Every structure is written in C-alpha cells, then in structure tokens.
Amino acid sequence: MSAVLANLPAFLEGFRMTLVLLAVSGGGALVLGTIVAVMRVSPVATLRWLATGYTELFRNTPLTLVFAFFVFVVPTLGVRVDFIWLALVSLTLYTSPFVAEAIRSGINGVPVGQAEAARSIGLGFGQTLGLVILPQALRMSVPPLINVLIALTKNTSVAGGFFIVELVATGRQLANANGNAVIPILLAVAAFYLVITITLGLVAGRVESKVRVLR
Amino acid sequence: MTSVLFDAPGPKARRASLIASIVSAVALIALFGWIIATLAAPRTGPGGVTLPGAFDPSRWDIFLDRAVWRTIWGGVLGTLRAAGLAAVLAIIIGVILSLFRSSRTRWITVPVAIVLEFLRGVPVLLMMLFILLVLSTGQYWAVVWALAVYNGAIIGEALRAGLDSLPRGQREAGLSIGLSPLATRMRIEYPQAVRQMTPIIVAQLVVLLKDTSLGYIVGYSEVLRVMMNNLSSFYGNRYLFSLFFVCLGIYLAINFIVSAIARFLSKRLA
Chain Y
1 MSAVLANLPA
11 FLEGFRMTLV
21 LLAVSGGGAL
31 VLGTIVAVMR
41 VSPVATLRWL
51 ATGYTELFRN
61 TPLTLVFAFF
71 VFVVPTLGVR
81 VDFIWLALVS
91 LTLYTSPFVA
101 EAIRSGINGV
111 PVGQAEAARS
121 IGLGFGQTLG
131 LVILPQALRM
141 SVPPLINVLI
151 ALTKNTSVAG
161 GFFIVELVAT
171 GRQLANANGN
181 AVIPILLAVA
191 AFYLVITITL
201 GLVAGRVESK
211 VRVLR
Chain R
1 MTSVLFDAPG
11 PKARRASLIA
21 SIVSAVALIA
31 LFGWIIATLA
41 APRTGPGGVT
51 LPGAFDPSRW
61 DIFLDRAVWR
71 TIWGGVLGTL
81 RAAGLAAVLA
91 IIIGVILSLF
101 RSSRTRWITV
111 PVAIVLEFLR
121 GVPVLLMMLF
131 ILLVLSTGQY
141 WAVVWALAVY
151 NGAIIGEALR
161 AGLDSLPRGQ
171 REAGLSIGLS
181 PLATRMRIEY
191 PQAVRQMTPI
201 IVAQLVVLLK
211 DTSLGYIVGY
221 SEVLRVMMNN
231 LSSFYGNRYL
241 FSLFFVCLGI
251 YLAINFIVSA
261 IARFLSKRLA
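Same order as they appear, the protein sequences are chains Y and R. Residues in the first sequence are numbered consecutively from 1, following the numbering used here. Residues in the second sequence are numbered consecutively from 1, following the numbering used here.
Next up, chain Y with everything else stripped away, as it sits in the complex:
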C-alpha cells in the first residue's frame, strides 16, 4: 500500500493521460462515426459502399495492428509528429465504426411511421434525417454508445504498449521499480480504470431513463 501512496503523483499523471486519450479520441470517434453512419444510410450508392467497406475493414482489424501501422509504418512514410497524435488517430479510427454501428442500429430502430409522417408533411431527406430521425435515433443509441466509450476506456491501455505513458504503462514501470509491491500497484491501476468504467455505467443508467423516447 505504501508503494502506491508514495507513487501517487505518477498514478495521477497516468490517469490524466488515460482521460486525455479517452476524451479526445472519444469525441473524434463520435463525430467521425456519425458521419459514417449517415453515409451508410444515404441514397448515394458510392458513399454507402465506402462506409460499409470502412466499417468492415476496421471492425476486423485488431487495435494493436492499427497502432502498429500509425506508430511504426507512418513515420517511415515521412510523417513526423508526436506519438500522442498517432495514438489519438489510431484510437479514433478504430472506435468510429463501432459508433457508426450503434447509431445505425438506432436509426433502424426508429419506426417507419416517423419517417413517413415527416415526408408526408413535405420534409426533404436532410430535414427528415436531421429533424425527425436522428434526434430519436441518437437517444436510442445512447446506451450502446456509452458501452462503446467503456470499451474505448479499456482500449486506451493499448497505447501504453506504444510509447504513451498512461495508466498501464505507469503501472508496468512502477511494478518493475518496486518488485515487492507488484500486486498492490496493479490493483491500484485496476481501481483507476474502475473509477472511469463504473462511472460511465452509472451515467448510462441515468441518461437512459432521462432521454428515453416515450411512445
């Protein structure tokens, strides 16, 4: 326990990095995923195929491989940026198809009558989607979206294997430095993750009961 308390600043620094990864790539994935979901249901065939191909490609690729591409291969192509940016891009791209699938299942869950009613009062495609379908679909997507964010929280740990010092990398360094206190240190790392994931789970429950569409 004393090893944990003595190294609390290091833990907090790692925790901060995990939160940064979660917040930035989570936000990016929400934006990108919404765009992909809209493309996936658009009347333009090319965009539909592109979105489907993108989703299939990233859902069948391990996150570690995405990281390997951005951290090892991209720098050999002459791109020189900080590793944190490469990590954020990897996490965003990997998470966005899951966001897109969550939103798409929400769109498919909106009853047909809603769109028919929207069209029958003269709304066009953009208006039907933006004013009637998406507001309902997004609400129905909230619980699966929070599950995607919980998965993302755990996935940020992969960045720890690629030169980013977040919680797991911090835990690994501290465990190597304090060979007699490996178990408390790793349990402390687990506790920090549980702070995020359990909070998100509770938020999911609250939000779900708040924004549910009453029919």
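Treat the hints as calculated values from the structure; they're not laboratory data. The structure presented is a predicted model; accordingly, all values stated were derived computationally and were not measured. Yeah, the Cβ is synthetic: ideal placement off N, Cα and C, and Gly gets one too. Mixed in with the good hints there might be a few duds.
If we take Cβ atoms under 10 Å as the criterion, some of the chain Y residues that face chain R in the derived model are [as the list claims (entries may be wrong)]:
| # | residue |
| --- | --- |
| 1 | Asn60 |
| 2 | Leu63 |
| 3 | Phe69 |
| 4 | Val73 |
| 5 | Val81 |
| 6 | Leu88 |
| 7 | Pro135 |
| 8 | Leu138 |
| 9 | Val142 |
| 10 | Ser157 |
| 11 | Val158 |
| 12 | Val165 |
| 13 | Val168 |
| 14 | Asn180 |
Chain Y is already provided as a structure; the job is to place chain R on it using the hints.
Same frame as chain Y, now just chain R:
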C-alpha cells in the same frame, strides 16, 4: 438497407443520386490514386538514404523466400493456438459464472456480480500484465488466461441475459416433471439460452481472436509480433510497409473465415 428514410426515388431523384454517386466515386478514385502515387514515389529518409517506392519489387522480394512464409506460419499458429484454447476456456468460465450468477442464493450472486463487474471493467492488457508479473506463468499462459477470464465474464453476462429472457414456464415445467433444479438449468434452460445468444457469443470470440494481438505488447510471439517485430528487425525497415500489408491481409482472412463459420452455424441452429 433502410427504406425508412426516403421514398422509392423518382426519375429526377434517381438522376441526382446517380450524379452524386459518380462525383463521389471520381473524388474517391482521385484520393486513392493520390495515396498510391505518393506511396509509389521514392522517398529520401532523414539520414539521406533514398528508399525506392512502396511498390518497388525490392521492397517485396522477401515474400519469395519460403523461410519467411514458414516464420509467418509459425506466428499464425501462435495466434490460433492462444485464441483456440482461450475460446474454449472462456466458454467454460462463462457457463460456470452464469450458473453462479443466476443462483437463488444471494450469498452466491452478490459476490459473483462484484467479481464480474471487476473483470469487465478492467483492460485485458492489465490482466495479462498481472498474470505475467504476479503469477510468472510465461507469455503464452498470460495471454490465454487473461483472454479466457475477460471474455468468460462477458460470455457469462450474455448467457445470464439469455437465461433471464426465457419464459418462466420452461423452468416450472422442468421442475414439475421431477428434474432437479440443476438438471433443469443444464438440460432445459441452457440449450435455449445458448441458442439465443449464439450471435453475441460468436462476436465475442472474434473479439477474442483480435485481442490475441495484445500478446505483441507482453512479448508473446503471435503473428503481429513475428511480422512487425522479428521479421522487420531482421530484414530492415524497408520491408515494414509490405509486412504490415501482409499482416493485415492475414487478420482479415482469419476473421472473415470465422465470421462465415459463425453465420453458417447460426443458420443451422436457428
């Protein structure tokens, strides 16, 4: 495809969407063309060394060597060995956990619920590190047990949801013909719950297969480590790009095969 969002398009709308399709296709082809042209161009590195373009034969010639493919095959076997054993163990752990979780005694369900919540809220990578550093089992068993326990927890929750969604009459009928509670669970309820949850369980097994690549970080020689670390250090950075592409192809092939088997199975079970 949803037809929820728009009517069957008329001639004008069809023309508009065809034009939009063509325009975006041209834009996409231009983008891909630009990417390919950029990759194909020779590049001078920071050390003043000029590398030929990414599609130059001199950056792909290692794949003519049988020994390279034998090494890659060793990596693929490493991935499949870890994934296969972990999948079997995960299903066993999942069944046991769901059995405890749906027990009638609170003394059993509450601790099991806490354990499940803990296992599902913590990254697999952390579990691998824990097993590796605390139990000192070696990399293979660290990968296998971490994946088995983590995915077992998720499969356990899925099975419990499947059990909960069964009509109560199933259990009552089992008990009323004189089966013991355990026999009712195993012979009446489980077969139905498993059948209902097959798609979720199979999706989780694909996730498990993908997660074996975390072995890369803890030093287990699976396909990603063999290709992106061992082979690329042996042959040099110039092959990094081609090795990545072959590795991506291998993962996509394995996952599509597993998904196809899953679709076939769920059709057979339905």
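Notebook entry, point to check: With a cut-off of 10 Å, does the beta carbon of proline 135 (chain Y) approach a beta carbon of chain R closely enough for the hint to hold?
Noted result: violated (14 Å)
Margin query: Under 10 Å is the threshold here; is the Cβ of valine 165 (chain Y) close enough to any Cβ of chain R for the hint to stand?
Written below: Not OK, violated: valine 165 (chain Y) not within 10 Å of chain R, min 14 Å.
Check: Hey, does the leucine 88 (chain Y) contact hint survive, CB to chain R under 10 Å?
Finding: With a minimum Cβ separation of about 18 Å from chain R (threshold 10 Å), the hint on leucine 88 (chain Y) is violated.
Notebook entry, point to check: Should the hint that phenylalanine 69 (chain Y) touches chain R count as held when the rule is a Cβ pair under 10 Å?
Noted result: At 6 Å from the nearest chain R Cβ, phenylalanine 69 (chain Y) passes the 10 Å test, so the hint holds.
Next item on the list: For the hint on valine 158 (chain Y), just tell me whether its beta-carbon gets within less than 10 Å of chain R.
Entry: holds (6 Å)
Notebook entry, point to check: When the nearest CB of chain R is found for valine 81 (chain Y), is that gap smaller than 10 Å?
Noted result: violated (14 Å)
Check: Does valine 73 (chain Y) pass the interface hint, meaning its C-beta sits closer than 10 Å to a C-beta of chain R?
Finding: holds (5 Å)
Note to self: Holds or violated: the hint that leucine 63 (chain Y) contacts chain R, with Cβ atoms closer than 10 Å.
What the structure shows: holds (7 Å)
Notebook entry, point to check: Should the interface hint for asparagine 180 (chain Y) be scored as holding, given a Cβ-Cβ cut-off of 10 Å against chain R?
Noted result: This interface hint is violated because 12 Å lies over the 10 Å limit.
Notebook entry, point to check: Regarding the hint that serine 157 (chain Y) lies at the interface with chain R, is the smallest CB-CB distance below 10 Å?
Noted result: Where the cut-off is 10 Å and the nearest Cβ of chain R is about 4 Å from serine 157 (chain Y), the hint holds.
Item checked: chain R contact restraint on valine 168 (chain Y) - CB to CB distance below 10 Å -> For valine 168 (chain Y), the interface hint holds, since the closest Cβ of chain R sits about 6 Å away, which is under 10 Å.
Margin query: Can you verify the interface hint for asparagine 60 (chain Y): is its Cβ closer than 10 Å to any Cβ in chain R?
Written below: holds (4 Å)
Consistency with the previously given hints fails for numbers 5, 6, 7, 8, 9, 12, 14, ordered from lowest to highest.
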